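Could you build all of it, start to finish, from the sequences and the hints given here?
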Amino acid sequence: MTPFLCWRLLPTALLCVASCSSALGLSPAFLARGRSAAAGAEAPQVCVDIIPGWRDVLFNSCDDYGEKQYCTANGGYGPGWDKETWGTFSAYAFASETAAEVCCACGSGKLGDAASCSTLRCPQGFSQKADAASLYCKGFKCKQEVDFETCCEAPPDVQAAVNQVKAKIAELKEEVKNTIDSQGATMLQSLADSAEKSTQIRQDAMKTSWGAARQQAIDRAKEEFASATEHSDQLLDAAKYQITSSGYLAAKDEVENGKVTIDQHKLQVLAHELTESFGEDVEVWKSALEQGAQVQQLSQKEWASHHAELNATWPLILRGITELNTALSDSEAPANEVRWVEQSTRLASDMIQVARSQAIGLMQQAEVAEDRSNAALKLTGSNSGKLDQLEALVDKVSKS
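Under the working numbering, the residue at position 316 of the sequence shown is numbered 518, and the numbers go up by one with no gaps.
Mixed in with the good hints there might be a few duds.
As the list claims (entries may be wrong) - In silico DSS-like links for lysine-lysine, alpha-carbon gap of 30 angstroms or less:
| id | residue 1 | residue 2 |
| --- | --- | --- |
| 1 | Lys331 | Lys368 |
| 2 | Lys409 | Lys399 |
| 3 | Lys375 | Lys345 |
| 4 | Lys270 | Lys285 |
| 5 | Lys285 | Lys312 |
| 6 | Lys331 | Lys343 |
| 7 | Lys442 | Lys424 |
| 8 | Lys331 | Lys312 |
| 9 | Lys340 | Lys270 |
| 10 | Lys270 | Lys345 |
| 11 | Lys331 | Lys345 |
Unchecked claim - Simulated DEER-style distance windows between Cβ atoms:
| id | residue 1 | residue 2 | range |
| --- | --- | --- | --- |
| 12 | Arg323 | Thr381 | 35 to 45 angstroms |
| 13 | Ala362 | Arg323 | 19 to 29 angstroms |
| 14 | Glu485 | Leu595 | 19 to 29 angstroms |
| 15 | Ile253 | Pro357 | 37 to 47 angstroms |
| 16 | Ser292 | Ala362 | 53 to 63 angstroms |
| 17 | Phe261 | Gly309 | 13 to 23 angstroms |
| 18 | Leu595 | Asp439 | 20 to 30 angstroms |
In short, the hints are calculated from the structure, not lab data. None of these values were measured; they are calculated from a predicted model. Just so it is clear, CB atoms sit at the ideal spot from N, CA and C, and this is done for glycine as well.
Printed below as a string of structure tokens:
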């Protein structure tokens with residue numbers, strides 16, 4: 203086909219352009235724009251960083267600024283940028299340019315038509331997709347490492363294998379996901395059981411520790427209470443004394459201020475009754491004293507009587523022993539008479555012991571009666587002193 207013929211066919215048959223491109227020397231980009239124009243499609247607008255490959259002084263790229271939310275779409279500071287610590291973007295500018303002035307992610311960059319996939323040269327063994335003319339790359343220029351999947355495709359058999367691999371990968375991915383979920387659930391349950399067991403162990407340990415600490419606190423409180431109440435008896439006596447003193451002082455103030463009057467007649471009657479009561483007690487003690495004296499005299503009389511009987515009996519016993527010794531020395535008495543005398547002697551000795559025991563008992567009774575008499579006399583003397591005091595008090599009240 204001649205160039206002239208191609209030229210004549212261009213207005214009506216664009217297919218001729220593709221076959222005549224080599225003859226006319228037209229570029230693929232020109233042909234792509236021609237096909238896009240013929241199809242009536244508009245290329246999408248894309249943003250490209252003003253300085254491709256730009257990085258700040260810490261080697262953060264424009265992609266880093268966008269992914270780590272260092273900046274916002276209008277060029278401001280994003281939530282990932284610690285301005286208080288790091289300062290401003292200008293502190294990290296490179297070639298006098300900041301991310302806000304260079305990067306599309308930060309609201310800068312330049313807009314333009316995206317390149318058509320028909321301008322991309324696919325790797326060997328791959329070809330452009332059938333609709334490559336209506337597909338567009340991500341930038342002003344198409345790049346294999348970025349736009350390969352969008353623009354290129356493998357031969358049918360290879361593509362089928364690729365699709366199978368993708369399907370298998372998706373299947374394996376789902377299986378792996380399910381396995382991970384299952385194992386994760388098992389591990390999560392195991393961790394929960396372990397945490398519960400550990401929590402129970404710690405709770406038991408804490409209960410034991412708290413129990414010991416509680417007992418120590420109770421013991422310490424008991425000791426402090428015992429220490430604080432060690433002299434409680436003395437404190438109680440002091441409190442009683444204070445109360446009594448306060449009552450006495452209050453009563454004295456009431457009497458002196460004339461708020462309370464004393465019934466002296468009633469007091470005198472009570473004193474007289476008390477005096478009579480003490481008089482009766484004195485008579486009782488006197489009677490007890492007299493009875494004690496009588497008991498003492500009787501004991502002495504009994505002791506003298508028993509002592510006289512003992513003195514009268516003792517010579518007879520001695521005379522019997524003497525006569526027995528004389529009879530034994532003079533002649534041999536019958537054995538039975540000797541035994542009778544011996545028994546009489548033992549009997550006399552026993553009677554003597556009994557008489558001595560009775561005498562000792564009477565002496566002890568006499569001593570007890572004497573002690574009681576002395577005690578009665580002492581009490582009588584004490585009551586007599588109290589009676590004297592009471593009589594003096596009654597006389598004083600009567601005179602007042």
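Verification of the hints:
no. : hint                                  : verdict
1   : Lys331 <-> Lys368                     : holds (19 angstroms)
2   : Lys409 <-> Lys399                     : holds (15 angstroms)
3   : Lys375 <-> Lys345                     : holds (29 angstroms)
4   : Lys270 <-> Lys285                     : holds (14 angstroms)
5   : Lys285 <-> Lys312                     : holds (27 angstroms)
6   : Lys331 <-> Lys343                     : holds (17 angstroms)
7   : Lys442 <-> Lys424                     : holds (26 angstroms)
8   : Lys331 <-> Lys312                     : holds (28 angstroms)
9   : Lys340 <-> Lys270                     : holds (21 angstroms)
10  : Lys270 <-> Lys345                     : holds (25 angstroms)
11  : Lys331 <-> Lys345                     : holds (15 angstroms)
12  : Arg323 <-> Thr381: 35 to 45 angstroms : holds (42 angstroms)
13  : Ala362 <-> Arg323: 19 to 29 angstroms : holds (24 angstroms)
14  : Glu485 <-> Leu595: 19 to 29 angstroms : holds (21 angstroms)
15  : Ile253 <-> Pro357: 37 to 47 angstroms : holds (39 angstroms)
16  : Ser292 <-> Ala362: 53 to 63 angstroms : holds (55 angstroms)
17  : Phe261 <-> Gly309: 13 to 23 angstroms : holds (22 angstroms)
18  : Leu595 <-> Asp439: 20 to 30 angstroms : holds (27 angstroms)
Of the numbered hints given earlier, the model fails none.
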